[in-house]
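> Following the hints, position chain G against chain D.
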Amino acid sequence: MKTLRKRTTTGGQALWTWPPVAFVFVLVVVPLIFVALYSVGLRSNIPGTKTGFDLANWKDFLFGPTNPFRALFWHSMTITVVVSIAVTLAAYPLAYFLSFVARKNRYTLLLLVLAPFFTSFLLRVIAWQAILNENGVVNSFLMWTGLRAADDPVTWLIYSNFAVVLVLFYSWIPFVALPIFVVLENMDRRLLEASEDLGSSRLATFLRVTLPLSLPGVIAGFVFVLIPTTGEFITPLLVGGTDSQLFGNQIQSFFSVSPDWNYGSVLAMTLIIVVLILMLIFGRFLSADLRDTSTRSAR
Amino acid sequence: MTAINDLNRRQFLGGALGVAAGATALAACGSPDAPAPVPSGSASASAAPTASRIPISAESGKLSILEWAGYEAAGTKAQTAGLTEAGSAYTKEFGPDGLAYTYIENDEQALQKATSSADFDIMHPCGENVKDYVDRGLTQPWDLDLIPSAKYLAPGLMEQTTYNGAVYMLPWDWGYGSLTYRTDKIAAADATGWELAWNEKYAGHISLWSGAQTNFEIAAMKLGLPKPDDLTDAEIEMCKAELIKQKPLNKFYWDSEYGQMQPGIQSGTLWVAYSWQDTLVTMKAAKVPVAFMDPSQGRIAWFCGFMLGANTANYYHAHAYVESFLNKAACAQMTNAYAYGTANTQVTAADVTDKALAESLQISDLGALTSGKNHLQSYTANLDKITKAWQEVKAS
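Which chain is which? The protein sequence lines are D and G, in order. Numbering-wise, my numbering puts 205 at position 169 of the first sequence, and it's gapless, one number per residue. Numbering-wise, my numbering puts 432 at position 220 of the second sequence, and it's gapless, one number per residue.
Next comes chain D alone, as it looks inside the complex (with noise of 0.2 Å):
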């Protein structure tokens, strides 16, 4: 281990790691930097405004009763959440087919579920305000059937949280059912075949056996689903109504349109934070789970 660490550190290599951290120094932690200088009142965006250390619009935040940002951050929080399960869920048992029932066509399938993902995000999201409108491809569907009324379309398919959770539903199900597929994929099968000489029935051998084994892919799926939920704002500009905007939403909201970056920035540097607890919890169970599995393997 000694010899290892000497060889890592040397300064010729260490040289090559200045490019990258530079690049994060710059483009991550002086705009972190900034954003939070703003959110304790030190900047302001409007120019003549006299800057001083404040930290009334946190304690406004955080302590102001009935303060409908707060609010806002769990509905958002709740959504995510929401999300992330129901995500997980659903690709799991897609990327278990693809695994253990699609063997030989498995990357054809596989690549059909990527294929809509080359197109832009925000045409496949516009695409799914033309299936969901009051005049769109669900609701003509229940007219031509006549299962509703031609004047009476189902409003709630669009511009609620039921869109919102729907799109996101869609848009994250392939980015979480690939790390599941590539965990199957390298599972040991002899590991399952022994449980089944063992005498376990197919159910017990997947619920001692192949889930536990797998739980790394799960646990990566949801952080990849989880992390950028909590801030996105794309999907409900687009699908949501007035009810069912996020967190995300408001702060694009304080920047792009409020004059007062200084608030916007107490929610983002919130969102940051909660962002960067999420990446420490889950950051350990994965690195504990990987280490695992190779101490396994290693075996």
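Do not take every clue at face value.
Said to hold, decoys possible - A partial selection of chain D residues facing chain G, derived with a Cβ cut-off under 7 Å:
#1 90
#2 96
#3 100
#4 105
#5 166
#6 171
#7 172
#8 191
#9 195
#10 231
#11 278
#12 286
#13 293
#14 294
Hints are computed from structural coordinates only; laboratory data are not their basis. The C-beta atom is built at its ideal place from N, Cα and C for all residues, glycine as well.
Frame of chain D; chain G shown alone:
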């Protein structure tokens, strides 16, 4: 992980101090509050001598323009059907390639973009925000000698955009804001005032605009408050409560006139929407049965115009561009295309092709802006409170 674990406390504190020092430096350097903006009443607010500027031949001609969708110069790829005259003289002389547009969706966003984005050569805000632009040092006065059509612009509007003898905005278009409603869906008896937007019978088919100041004006007019642009803190709270009550009735707050609101009315998704009168023209052309309400509390009235960027490096090109929008032919065509009034007094009722529409909207009569109960949008001193309250409405 190893690298982080190997950091001892001294190294960590050293790094943290470094970051803190950097943060302090960042807080101090380049702060936008450092430059002293030109106050609107300042004696220095006047056009710089033309002789001291670089000639037009030395300018790049690349104009960066802050504009509403649909107002691009004729001859550009973005302008397909609306304005066929405005800007054409410029694009014929200089070509369209040097024109780059940044789009705005509401007045607050326009001010925000002008404040925080790259320097614009030309901006197209509305009258109520002129003082904000001037106070923030975002603009400089126009040289009226370079704009032959300026002498025909309505003096009443020019007065409102002049500070200390210098003209900061050249007024161009004016009109009304009100509720456009589908006459086949809304009972005529319900379409009498701004309270139509609060009518629960039409829940899920209503859409107000995302403009903060405008929505507070609407709420204030509905509540009968005497000064919709000069609300006290208590009145702001009253308007906020009223808008929170109205919020669930909306399908959405629209941002894009052509991408959301007009298609929504046309498809029947929206039955009631805040709009300007150009929507009436567009919907009638599409044979959609609509009306543009004349609320019992009065319509919102507005005028907009061109402002010159404080740091423009295309001073003469900018003047030539704006002249190509202010000349009589351009103004008359704009009025006929969008049914907006024009500040150019050379345009008379005889130039308007749809006489009935012109009569109903009084687009040849500038006095209509403030006639009756119409409320002409004006400077709002506490705009920051209004926009914060609007954010609270949206988050509620």
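> Tell me, which hint numbers fail for this structure?
1, 2, 3, 5, 7, 10
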